[in-house]
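> Construct the complete structure from the given sequences, taking the supplied hints into account.
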Amino acid sequence: MVNLSVTIGPLKLKNPVMTASGTFGYGEEYAEYIDLNRLGAIVVKGLSITPRDGNPTPRVVETPAGMLNAIGLQNIGVRSFIREKLPFLRQFDTPVIANFFGDTVDEYVRAAVELSSAEGVHALEMNISCPNKQEGWIVFGTNPTAMAEVVGEVRKATNLPLIVKLTPNVADIGCMAKVAQDAGADALSVINTITGMVIDIRKRKPVLANNTGGLSGPAIRPIAVRMVWETCKAVGIPVIGMGGIMNARDAMEFLIAGARSVAVGTANFVDPVAAIAVIDGIEAFLAEEGIPDINNIIGSLKLNGL
Amino acid sequence: MPRVFTAEIAGNAFLPEKDPVSAEMLSQNAQFKLLTLKPLSEITAPEPGQFYMIQAGTANDPLLKRPFSVYGLQHDCLGFLYRIRGKGTLSLSQLREGDTLQVVGPLGNSYPVPSGDFIAVAGGIGIASLLPFMNKYKKRAYLFYGAMKRDELVMLEEARELSKEAFFTTDDGSYGQKDLITDALRSFLSASQIAHQALRIYACGPAPMLKALSVITNAGGIVCYASLEEHMACGIGACLGCMVKVKIQKPEDRDKNKEWEYKRVCKEGPIFSLEDIKW
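Residue numbers (the numbering used here), protein chains in the order written: chain A, 1 to 306; chain B, 1 to 279.
Do not rely on the hints blindly, as some may be mistaken.
Stated by the list, open to error - The calculated DSS-like cross-link candidates involving lysine-lysine, where the alpha carbons are at most 30 angstroms apart (straight line), are:
#1 B:Lys178 <-> B:Lys18
#2 B:Lys247 <-> A:Lys205
#3 B:Lys164 <-> B:Lys87
#4 A:Lys205 <-> B:Lys149
#5 A:Lys133 <-> B:Lys245
#6 B:Lys278 <-> A:Lys203
#7 B:Lys258 <-> A:Lys133
#8 B:Lys38 <-> A:Lys205
#9 A:Lys203 <-> B:Lys38
#10 B:Lys138 <-> B:Lys87
#11 A:Lys203 <-> B:Lys178
#12 B:Lys245 <-> A:Lys203
#13 B:Lys33 <-> A:Lys203
#14 B:Lys247 <-> B:Lys33
#15 A:Lys233 <-> A:Lys12
#16 A:Lys203 <-> B:Lys18
The hints are simulated quantities; they were obtained by calculation from the structure and are not laboratory data.
What follows is the structure in structure tokens.
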């Protein structure tokens with residue numbers, strides 16, 4: 001019997017496989033296909049203090065071994081989530097991690113406060129890849145000062161484990177990781193999508209209504225693995241690795257690079273049962289390698305000497 | 001209840017024997033294809049208008065499954081009539097008999113049950129979603145089926161066979177009337193002795209056709225159920241990629257500035273009341 005349980009700060013997970021925010025709805029969409037009890041954690045679609053309609057269509061376009069999305073953070077809002085979606089999720093023996101965002105520091109704090117008092121939310125994940133609409137549209141996650149402020153304020157507002165989801169659209173992710181850690185993050189999710197663009201060459205127009213979107217899927221995996229490795233070198237807090245994980249082999253790369261757990265994202269769109277296959281595959285791999293505890297392989301990367 | 005299952009590409013169980021033109025159109029090198037999938041586990045029977053997400057390649061490229069409305073269920077095989085449009089359909093068309101694919105479905109809602117006769121309006125490959133419906137309610141459809149030219153009117157004979165009366169149009173006049181299908185429908189409605197307001201319309205076709213159709217149905221107060229298309233990543237309601245603007249009907253549901261809301265084509269659709277769509 002292989003031990004698959006891991007801890008993310010104060011959060012104990014039965015296995016290291018979560019669902020990436022925005023790819024798993026509010027959980028119920030997948031309940032017809034998989035047993036939600038089996039997941040390490042469910043990370044729900046990003047929530048804001050007030051509901052959002054999101055962007056016009058087209059919102060998604062496929063790219064080589066990936067996809068670009070510009071959903072525009074459509075969501076039902078924190079309160080409707082707590083009232084309408086959370087009771088369903090409470091039935092399952094799986095921690096719920098609420099992903100949230102805001103346009104201002106105040107909106108982040110208000111969302112965090114409301115989610116923290118809801119029964120059945122076990123941790124918070126902050127999406128900081130949004131611009132601060134009050135302070136000249138600086139993206140929180142790409143500016144160390146803006147990031148330190150928003151993470152620090154949310155830290156003061158919640159006692160739940162606080163995960164900060166880092167954007168890869170920066171020059172030095174290790175530096176940003178340290179800022180988040182120093183501002184009070186308990187863990188880091190690495191990485192969010194990479195900004196991209198697809199152009200319709202006949203129309204000379206971007207395919208997405210929003211012009212740009214976030215690239216995800218296997219196309220970004222090597223970048224994500226590298227950034228997880230860099231982040232793990234830079235900080236001491238746990239890292240949740242994500243970016244193009246399609247199967248257990250992909251997940252193992254992140255764990256070996258140092259991630260304490262992983263999140264399956266775009267693969268949920270491709271195959272609704274993908275996350276379960278990743279869990280089963282990790283267990284099979286460890287058994288095959290004769291490793292009794294997953295924690296023995298986390299961060300076991302042996303670098304090549306130069 | 002939708003399921004995730006593996007299916008094997010089987011020999012064609014849906015070939016139109018009585019329609020040599022369509023058989024030719026579906027032959028090896030043509031742009032229209034009839035895919036026959038033999039599920040390797042138990043499946044739920046689909047209703048006309050529902051769709052499946054079908055794996056389109058064997059590696060990670062194309063990555064996403066593609067949505068296809070179901071054409072038929074026969075001898076435990078699912079049939080899908082499609083046209084090669086882009087990377088996904090091209091890749092799918094290159095797979096061979098015996099290859100296996102992952103499939104999710106049946107998904108979405110289905111065409112509402114007709115009361116008596118009805119009108120079916122098909123634009124191009126939109127016929128694929130309407131044929132199983134017309135097959136279920138044989139000889140009850142006044143069919144209006146339009147395409148660019150004759151060799152894009154696939155399954156023409158079968159469509160004619162299943163209809164009470166069939167009208168065809170092509171943009172270039174190579175078959176039927178040289179007209180837009182919506183104009184042919186308009187003429188029919190104005191000349192017809194039938195109390196057409198009692199006739200419901202079932203439609204599937206490109207957005208410009210549906211938009212033109214909505215002008216006719218809104219003016220005539222005719223109920224129309226239209227099957228919509230939108231880019232989708234998952235097909236199961238999670239990605240929120242395939243949104244359509246739907247009018248908010250009840251005044252109490254409507255806040256001051258909001259006359260519409262986004263609905264998911266994959267989950268609340270693909271069939272919507274045409275009058276509810278905000279173009």
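> Run every hint past the structure and note whether it holds.
We went through each hint and held it up to the structure:
For the given pair, B:Lys178 sits about 25 angstroms from B:Lys18 by alpha-carbon distance, which is consistent with the 30 angstroms threshold. The straight-line distance between the Cα atoms of B:Lys247 and A:Lys205 is roughly 28 angstroms, inside the 30 angstroms bound, and the hint therefore holds. For the given pair, B:Lys164 sits about 37 angstroms from B:Lys87 by alpha-carbon distance, which is inconsistent with the 30 angstroms threshold. For the suggested pair A:Lys205 and B:Lys149, the alpha carbons sit about 29 angstroms apart, so the restraint of at most 30 angstroms is met.
Restraint check for A:Lys133 and B:Lys245: satisfied, since their Cα atoms lie roughly 26 angstroms apart, inside the 30 angstroms limit. This hinted pair checks out: B:Lys278 and A:Lys203 have alpha carbons roughly 24 angstroms apart, not beyond 30 angstroms. A hinted pair counts as satisfied when its Cα atoms are at most 30 angstroms apart, and B:Lys258 with A:Lys133 qualifies at roughly 23 angstroms. Note on B:Lys38 and A:Lys205: the hinted pairing is violated, with a Cα-Cα distance of about 41 angstroms set against a maximum of 30 angstroms.
About 40 angstroms separates the Cα atoms of A:Lys203 and B:Lys38, which puts this hinted pair outside 30 angstroms; it is violated. Between B:Lys138 and B:Lys87, the direct Cα distance comes to roughly 35 angstroms. Violation of the 30 angstroms bound is thereby established for this hinted pair. This hinted pair checks out: A:Lys203 and B:Lys178 have alpha carbons roughly 29 angstroms apart, not beyond 30 angstroms. Pair hint B:Lys245 plus A:Lys203 holds up; C-alpha atoms about 24 angstroms apart against a cutoff of 30 angstroms.
Our distance criterion of 30 angstroms between C-alpha atoms is met by B:Lys33 and A:Lys203, whose separation comes to about 28 angstroms. The hinted pair formed by B:Lys247 and B:Lys33 fails the criterion: a straight-line CA distance of about 36 angstroms is larger than 30 angstroms. Only pairs whose Cα atoms come within 30 angstroms are accepted, and A:Lys233 paired with A:Lys12 is accepted, the gap being roughly 23 angstroms. Taking the CA atoms of A:Lys203 and B:Lys18, the gap is about 42 angstroms. The hint is violated against a cut of 30 angstroms.
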